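Engineer: Protein chains in written order, with the working numbering: chain B, 97 to 340; chain R, 97 to 340.
The set of hints was computed from the structure by calculation and includes no laboratory data.
None of the values given here were measured: they were computed from a predicted structure.
We put the CB at the ideal spot given by N, CA and C, even for glycine.
Mixed in with the good hints, there may be bad ones.
To be verified - Quick list of the computed label-pair ranges, beta carbon to beta carbon:
no.: 1; chain 1: B; residue 1: 332; chain 2: R; residue 2: 304; range: 29 to 39 angstroms
no.: 2; chain 1: R; residue 1: 147; chain 2: B; residue 2: 332; range: 29 to 39 angstroms
no.: 3; chain 1: R; residue 1: 257; chain 2: B; residue 2: 212; range: 24 to 34 angstroms
no.: 4; chain 1: R; residue 1: 191; chain 2: B; residue 2: 118; range: 36 to 46 angstroms
no.: 5; chain 1: B; residue 1: 260; chain 2: R; residue 2: 339; range: 38 to 48 angstroms
no.: 6; chain 1: B; residue 1: 205; chain 2: R; residue 2: 339; range: 36 to 46 angstroms
no.: 7; chain 1: B; residue 1: 191; chain 2: R; residue 2: 147; range: 36 to 46 angstroms
no.: 8; chain 1: R; residue 1: 158; chain 2: B; residue 2: 200; range: 39 to 49 angstroms
Claimed, not checked - Residues of chain B placed beyond 12 angstroms of chain R at every Cβ, according to the derived structure:
no.: 9; residue: 117
no.: 10; residue: 173
no.: 11; residue: 277
Number of protein chains: 2
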Amino acid sequence: MPENVTAAMLVIGDEILSGRTKDQNIGYVAEYLTNIGIDLMEVRIVADDMEDIASAVNALRARHTYVFTSGGIGPTHDDITAESISHAFGVPCTHHPEAMAFMEKHYAARGMEFTESRKRMARTPQGATLIDNPVSKAPGFKMDNVHTMAGVPKIMQAMMDSIAPTLRGGTRMISRAVDCGFGEGDVGGPLGVIQENHPETMIGSYPRFENGNYSTQIVVRGRDAEKVDAAVRDVDQMLEKLTA
Amino acid sequence: MPENVTAAMLVIGDEILSGRTKDQNIGYVAEYLTNIGIDLMEVRIVADDMEDIASAVNALRARHTYVFTSGGIGPTHDDITAESISHAFGVPCTHHPEAMAFMEKHYAARGMEFTESRKRMARTPQGATLIDNPVSKAPGFKMDNVHTMAGVPKIMQAMMDSIAPTLRGGTRMISRAVDCGFGEGDVGGPLGVIQENHPETMIGSYPRFENGNYSTQIVVRGRDAEKVDAAVRDVDQMLEKLTA
Numbered sequence: 097m098p099e100n101v102t103a104a105m106l107v108i109g110d111e112i113l114s115g116r117t118k119d120q121n122i123g124y125v126a127e128y129l130t131n132i133g134i135d136l137m138e139v140r141i142v143a144d145d146m147e148d149i150a151s152a153v154n155a156l157r158a159r160h161t162y163v164f165t166s167g168g169i170g171p172t173h174d175d176i177t178a179e180s181i182s183h184a185f186g187v188p189c190t191h192h193p194e195a196m197a198f199m200e201k202h203y204a205a206r207g208m209e210f211t212e213s214r215k216r217m218a219r220t221p222q223g224a225t226l227i228d229n230p231v232s233k234a235p236g237f238k239m240d241n242v243h244t245m246a247g248v249p250k251i252m253q254a255m256m257d258s259i260a261p262t263l264r265g266g267t268r269m270i271s272r273a274v275d276c277g278f279g280e281g282d283v284g285g286p287l288g289v290i291q292e293n294h295p296e297t298m299i300g301s302y303p304r305f306e307n308g309n310y311s312t313q314i315v316v317r318g319r320d321a322e323k324v325d326a327a328v329r330d331v332d333q334m335l336e337k338l339t340a
Numbered sequence: 097m098p099e100n101v102t103a104a105m106l107v108i109g110d111e112i113l114s115g116r117t118k119d120q121n122i123g124y125v126a127e128y129l130t131n132i133g134i135d136l137m138e139v140r141i142v143a144d145d146m147e148d149i150a151s152a153v154n155a156l157r158a159r160h161t162y163v164f165t166s167g168g169i170g171p172t173h174d175d176i177t178a179e180s181i182s183h184a185f186g187v188p189c190t191h192h193p194e195a196m197a198f199m200e201k202h203y204a205a206r207g208m209e210f211t212e213s214r215k216r217m218a219r220t221p222q223g224a225t226l227i228d229n230p231v232s233k234a235p236g237f238k239m240d241n242v243h244t245m246a247g248v249p250k251i252m253q254a255m256m257d258s259i260a261p262t263l264r265g266g267t268r269m270i271s272r273a274v275d276c277g278f279g280e281g282d283v284g285g286p287l288g289v290i291q292e293n294h295p296e297t298m299i300g301s302y303p304r305f306e307n308g309n310y311s312t313q314i315v316v317r318g319r320d321a322e323k324v325d326a327a328v329r330d331v332d333q334m335l336e337k338l339t340a
């Protein structure tokens, strides 16, 4: 039985919910995790609100191997992710000594003042370990199975690369796509039968609607290559029959 | 006291969680609702799983004025949104007579067979009302405060236009943005003070990181134009002081 490693993502920020900023992190993390054999099972987006963040973190961390958060770890008053995750874990939110040390050096080297605002970015839940930020120094942090990252896509992506080697990947999901010129209404019936005959695969169908015409992409996913291949053969046969 | 109308969105689909399809609906709905004075408070993305969908729908519909879902109402076996929402409401999922009637006509007029798969798209929770789909006929549906729409962006957008006139809008949120060349670490401290002095506005700051330089956009939001203006004046003054 292949191992199943699951994850959830929590996106934090009023600016995403107002539509002012379009999220670019969900799709990135989804694809990234799929590629290393971790199944992203659910995503939530919440406002910059301490209770909303904490209750989402607690719901998700109990249910999944890993939780990844993005957003709300900057230096301003509306960046409340560190406090909120501390609240979720019931620990104080404190300046992390290691982060304080290298951030102080970082700003000194640039002749920039290490303001109280910048010091906010060194705060983590007590007991957290740091996640390296090669782009702009201010770190993310890991508390138990919760990984907290920046919202700025370039920084989040760099943090994801810092985290990835520490993650336990599952058996990678194999995915094969078959395109066809039929609408879902034509392939839907036979596809349901194929799904029943191949219970260890997941068969999805994704309609496209372009220039007034429907076409469908059929995607077979599974952890066992032979079983995926067997289902794809049945899909191919089904399409041949429809074409005939 | 201005009225506060809140909403949640539920995106349904394995293909979003695997990263194979990048969601385009969240940002669209977020902006759309903001423009008609409805506050989007939370978003969830769940897999094509009946229990996951039903429990998310029940959590969200209890908490918000409106819930909007996208995805999973096509004709194939993996489209289980109608059953799942029926399950959430504890009612049977049945072929809606009105939908059956106009879809039958629609396919007959095109010389297409009204297959069992296509009939799946006429199913709704018992007691639901239909949401018009001017693009491809197969309707969405409204059950209590839950609006169920297609996942294909063009169709979802058309359904949103069908729904909008039926929604009770709140007082529209006013938003004013001030760009500055300072990093968040410089503006963070004074901005926290301004937020405290203007409790009926929400002041956010959004860092940009381009070509190795930080800049910050400061956004003041609120429902009362005068109060937003007053906060913006304080932001402008603060930036003048920093520049001096």
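Engineer: State for each hint whether it applies.
Structural biologist: Taking the hints in turn, this is what the structure says about them:
no.: 1; hint: 332(B) <-> 304(R): 29 to 39 angstroms; result: violated, 48 angstroms
no.: 2; hint: 147(R) <-> 332(B): 29 to 39 angstroms; result: holds, 33 angstroms
no.: 3; hint: 257(R) <-> 212(B): 24 to 34 angstroms; result: violated, 48 angstroms
no.: 4; hint: 191(R) <-> 118(B): 36 to 46 angstroms; result: holds, 37 angstroms
no.: 5; hint: 260(B) <-> 339(R): 38 to 48 angstroms; result: holds, 42 angstroms
no.: 6; hint: 205(B) <-> 339(R): 36 to 46 angstroms; result: violated, 24 angstroms
no.: 7; hint: 191(B) <-> 147(R): 36 to 46 angstroms; result: holds, 42 angstroms
no.: 8; hint: 158(R) <-> 200(B): 39 to 49 angstroms; result: holds, 47 angstroms
no.: 9; hint: 117; result: violated, 7 angstroms
no.: 10; hint: 173; result: violated, 4 angstroms
no.: 11; hint: 277; result: holds, 14 angstroms
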